[in-house]
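Protein chains in written order, with my numbering: chain A, 1 to 314; chain B, 1 to 314.
Hint data in this document are derived by calculation from the structure and do not stem from the laboratory.
Computed from a prediction, not measured in an experiment: that's the story for all the values here.
Fair warning: there could be bad hints in the mix.
Below, in silico cross-link-like pairs of lysine to aspartate or glutamate (DMTMM-like), each with a Cα-Cα straight-line distance of 25 Å or less [as the list claims (entries may be wrong)]:
(1) K21(B) x E3(B)
(2) K218(B) x E120(A)
(3) K72(A) x E3(B)
(4) K269(A) x D109(B)
2 protein chains.
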Amino acid sequence: MGEISEFLNSHRPDGGRRSSKRDLIVNVFLRQEGHLSADDLVDLIHVENKEIGRATVYRALRWMVNGGIARKVDFGDGRFRYEHAYRHPKHFHLICQSCRKSSEFLSSDIESFIDEVSIERGFTVERTVVQIYGNCLACRDGNKNDTLELPTELVFARDALRIAIATERSGLQFYTRAALLTKDDRGRSVFRNLAKEEEEHLGTLEKRYAELVAEHPKLETYPTFLFFRGAADGIFAAGTEELEKGVDDREALLIGIRCERGSHEFFKKYGEKFEDSEGKQIFLEFADEEREHLELLQCEYQQLIDTLNKIDTT
Amino acid sequence: MGEISEFLNSHRPDGGRRSSKRDLIVNVFLRQEGHLSADDLVDLIHVENKEIGRATVYRALRWMVNGGIARKVDFGDGRFRYEHAYRHPKHFHLICQSCRKSSEFLSSDIESFIDEVSIERGFTVERTVVQIYGNCLACRDGNKNDTLELPTELVFARDALRIAIATERSGLQFYTRAALLTKDDRGRSVFRNLAKEEEEHLGTLEKRYAELVAEHPKLETYPTFLFFRGAADGIFAAGTEELEKGVDDREALLIGIRCERGSHEFFKKYGEKFEDSEGKQIFLEFADEEREHLELLQCEYQQLIDTLNKIDTT
DNA sequence: CTAGGTGCAAATAATTTGCAGAGGC
DNA sequence: GCCTCTGCAAATTATTTGCACCTAG
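Just need the whole structure built from these sequences, with the hints factored in.
This is the structure we're talking about:
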């Protein structure tokens with residue numbers, strides 16, 4: 001629970017005096033998963049202490065929203081819901097209109113299109129709402145209510161690992177192929193080294209993934225949380241395809257740079273979405289590695305250009 | 001105004017008796033552009049007739065929402081807004097938090113990602129909300145309130161034409177190139193004919209576009225309403241690139257089929273979004289043309305396969 | 001004539017606020 | 001001791017409803 005109080009300290013708005021009642025409200029709230037209405041929370045609080053008034057709960061909720069501990073969401077049925085932000089990144093919602101349950105997802109692609117639209121309109125984005133209303137699978141084929149819920153941070157970590165693994169695999173393939181196709185000795189050894197690194201890291205990631213699902217077997221079949229189309233066959237897949245068109249060493253380096261940059265940016269962005277947790281760590285470690293590769297390639301590219309210029313002038 | 005009453009007739013829910021008061025409410029409502037709160041509408045109604053009660057306006061709004069004449073939207077500030085559906089497809093919103101104005105957009109890509117997520121989760125979609133909250137350009141750099149608003153149907157028509165033109169251009173390029181690369185005489189004439197058709201149609205579309213912007217000069221610089229990344233260099237652009245990799249006649253046909261199908265589906269989908277209007281017509285005409293091309297190519301492909309089989313067995 | 005539309009006033013429902021008192025620092 | 005938190009009850013806000021009356025078909 002030390003981590004939670006650390007989280008609370010960093011998210012306390014204004015000098016905010018502490019009070020045992022508010023502490024109780026915040027604690028009960030953080031223990032819940034999912035989306036509570038103010039009234040749901042009042043009921044939960046009253047189980048532990050009947051002396052706490054509705055207004056206090058409302059005030060505590062407003063205080064939490066201001067400090068970023070809670071997020072206020074609106075499913076359009078006249079009351080607001082609240083979800084806590086502890087180890088829970090901003091996300092989008094699927095809302096079932098028959099059972100009123102909501103499930104969550106993230107889509108890197110939707111986010112990037114939203115950015116594109118906002119830029120075109122010169123709009124500064126503060127907050128984005130994506131809600132899909134309809135009917136869930138459970139409601140349609142006879143309410144099998146096996147709605148086991150895994151903590152989002154675990155599912156996020158799983159998706160992070162899957163995407164990282166796919167990226168490493170395609171990276172390995174890319175550098176292996178590039179090493180084969182490269183004419184220049186020095187370039188070949190750069191690509192070979194990178195291939196070796198990708199291979200090693202791939203092993204680490206696969207082990208980590210195996211451990212994760214061993215500990216939580218339900219994770220394997222749990223629905224996707226983080227959608228990212230580009231990850232299906234790995235970020236380097238398009239690059240490898242390009243290689244086959246017959247590019248020269250310089251172009252191969254550029255393709256590598258492009259892929260590493262894309263993957264670095266992706267993992268950095270999603271790493272930052274998460275209050276510290278397994279998922280965040282995986283993403284940020286990966287982002288770091290990709291940045292190192294990127295720098296290595298960029299340096300190599302610069303040297304190649306310099307060499308070519310020297311040849312040109314002699 | 002005949003078209004409006006036709007629209008009303010097709011959207012009248014339950015036997016719905018007609019009444020002069022409700023007629024007035026509906027008429028005033030349909031004359032507005034943008035998003036009104038119930039109270040805004042009450043005020044507007046009271047300008048023309050003070051004898052109409054708030055409850056009646058609320059009842060009329062509910063009646064319109066049931067019949068699909070109006071859509072109820074929720075910008076999260078505690079009151080609902082209403083927008084009419086006449087010549088106005090379902091869309092997404094950018095909502096400025098300082099001036100409370102909202103602007104609209106459509107993104108084919110976001111819609112397709114939403115479909116993807118829904119399918120993965122086995123979710124049947126009824127309604128989709130995408131809202132971007134933040135600050136608009138006008139609010140940020142000193143409120144130049146030159147907020148001229150063009151009717152959505154015009155902007156939609158413009159975007160339809162732009163996308164259609166880009167598609168025709170890339171189609172023309174594709175078929176021209178394919179005709180050059182084709183070895184088989186018969187195949188070459190098919191591609192050549194298609195190229196000719198694309199060229200003719202391109203001319204028609206460009207004329208139509210020129211007429212549209214001549215009539216409404218502000219259209220040229222009005223912000224994009226329909227975002228579609230694939231349209232930037234035309235739906236056939238990727239296909240043309242593939243051609244250059246050196247494909248055989250059969251593959252060229254398949255690429256053509258794929259492109260025509262994609263373009264047919266895109267234009268059909270967006271054509272259907274619109275209550276009859278200029279934009280709808282452009283989209284559906286275009287969808288039709290692409291379907292014809294598609295059928296032609298499919299037929300040609302079948303004959304090619306048959307011929308190959310015959311050669312194979314002799 | 002009668003189902004449905006209408007105005008008014010009262011009801012509802014979620015949330016906020018005023019105020020007097022309690023409690024942390 | 002001061003400032004903030006708290007409970008209670010009253011206020012607020014958007015919307016809906018009950019009911020007596022009116023109107024179109």
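Item to check | Pairwise hint evaluation, D109(B) against K269(A), where the allowed Cα distance is 25 Å at most | outcome: Between K269(A) and D109(B) the Cα gap is close to 21 Å, so the pair holds against 25 Å.
Item to check | 25 Å Cα cutoff - pair K218(B), E120(A) | outcome: Measuring from Cα to Cα gives roughly 17 Å; hence the hint holds.
Checklist entry - Is the Cα-Cα distance between K21(B) and E3(B) 25 Å or less? => result 21 Å, holds
Item to check | Pairwise hint evaluation, E3(B) against K72(A), where the allowed Cα distance is 25 Å at most | outcome: Between K72(A) and E3(B) the Cα gap is close to 43 Å, so the pair fails against 25 Å, i.e. violated.
Hint violations for this structure: number 3 only, all remaining hints satisfied.
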